[in-house]
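Spelled out, the chains give:
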Amino acid sequence: MLKNLCQKMFGRSLWVYHANSGGCNGCDIEVLNVLTPYYDAERFGIKLVGSPRHADVMLCQGPAMRSTAKALQRAYEAMPAPKLVFAIGSCACGGGIWFDSYSVLGPVEKLIPVNYYIPGCPPRPEAIIYGVAVALGLVDKKTAPVQFKQTELPIPRYHPADLEGRGEMVVYKKIEPV
Amino acid sequence: MSLLSKLKEAAVCLKAGRVTLPYPAQAQPVPPKFRGRPIFDAAKCIGCAGCANNCPAREILVFDVCQEVRILKYLGRRCTYCGRCADVCPEDAITMSHEFENATNSIGDIQQKLDLFMSTCQRCGRCFKEPSPLEQLKLKGYRFDDLANEQWIFRSQAYLTEEAAVDDVKIELD
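Heads up: the protein sequence lines correspond to chains G and A, in order. If you read the first sequence in our numbering, its first letter stands for residue 1, the second for the next number, and so on. If you read the second sequence in our numbering, its first letter stands for residue 1, the second for the next number, and so on.
Fair warning: there could be bad hints in the mix.
List time: in silico DSSO-like cross-link candidates among lysine-lysine, alpha-carbon distance up to 30 Å [claimed, not checked]:
no., chain 1, residue 1, chain 2, residue 2
1, A, K6, G, K149
2, G, K141, A, K113
3, A, K113, G, K47
4, A, K15, G, K47
Derived by calculation from the structure, the hints in this document are not laboratory data.
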């Protein structure tokens with residue numbers, strides 16, 4: 001549903017606003033790298049704007065910090081209504097490597113609702129373009145949660161109840177003769 | 001003079017050619033030493049929890065269900081792809097892949113969860129290596145991270161209740 005809405009609302013071009021709420025500037029450099037002639041995001045209509053009031057998409061970098069929390073929320077509220085938020089980098093996705101320090105509140109989704117996550121530290125410019133393409137519905141996402149479960153116990157379990165004294169040694173009762 | 005400089009500028013621009021990479025149409029190869037998403041190989045993993053003890057972002061959680069079953073959960077939300085888990089893994093079960101197209105609309109898509117059967121050590125019940133001698137003293141053989149709230153617990157104060165999953169657990173607990 002979100003994808004259909006995105007295709008309908010943001011069919012022509014996305015104007016992005018680039019908000020750093022206390023990151024290390026690594027993700028900023030990668031985002032600006034997307035806009036350089038090498039990756040040339042403007043051919044897809046992605047344009048960097050200076051004010052959140054002009055923007056459709058907010059690119060969040062850096063964790064939610066104590067000092068910039070209010071400013072980030074105000075910038076989010078200033079954006080006009082059909083709006084998307086991208087969390088770029090591991091700070092914005094999960095709080096970053098200093099997630100447990102005093103000044104870091106956690107991921108940006110603690111303050112503002114996040115629609116798409118682009119993990120990486122920093123993510124490659126290709127990864128950011130890919131994330132925008134996922135949001136626009138051009139490609140399907142490649143990640144899915146992986147779960148592995150062993151179904152058979154490969155080793156015998158030694159319950160104390162199954163141990164018996166035999167002469168001078170203690171042996172396992174249920175052992176299979178090889 | 002000014003016309004000549006403009007002509008020179010045009011010549012420079014023409015000589016530069018086209019630099020835009022054809023990324024979305026055609027994937028570019030990543031550099032050979034690029035570290036992308038870590039992939040956990042369950043067949044090789046022995047469940048030593050060295051990766052969990054060395055992860056700077058504390059994104060690998062370990063939960064010992066009972067003596068034989070250990071759950072290893074990689075969350076990957078704030079993983080910085082530093083590769084320390086792959087460095088410390090004695091069995092090379094973790095490989096830093098070249099996958100970088102991990103964009104998703106729900107953060108739970110990146111996580112990997114392994115349910116592993118552990119063999120028992122006759123001496124201590126559970127063998128794994130700790131980063132420093134001080135932490136070797138502090139950490140017990142069992143790890144009980146908070147899987148429900150996805151939190152790393154440095155030292156568990158929780159003792160198993162009387163109704164443990166198996167009987168022989170309380171022998172190993174002090």
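Going through the hints against the structure:
1. A:K6 x G:K149: 68 Å, violated
2. G:K141 x A:K113: Holds, because 20 Å separates the two Cα atoms, which is no more than 30 Å.
3. A:K113 x G:K47: The given pair, whose Cα atoms are some 39 Å apart, is violated under the 30 Å limit.
4. A:K15 x G:K47: 27 Å, holds
When the structure is compared with the earlier hints, violations turn up for hints 1 and 3 and for no others.
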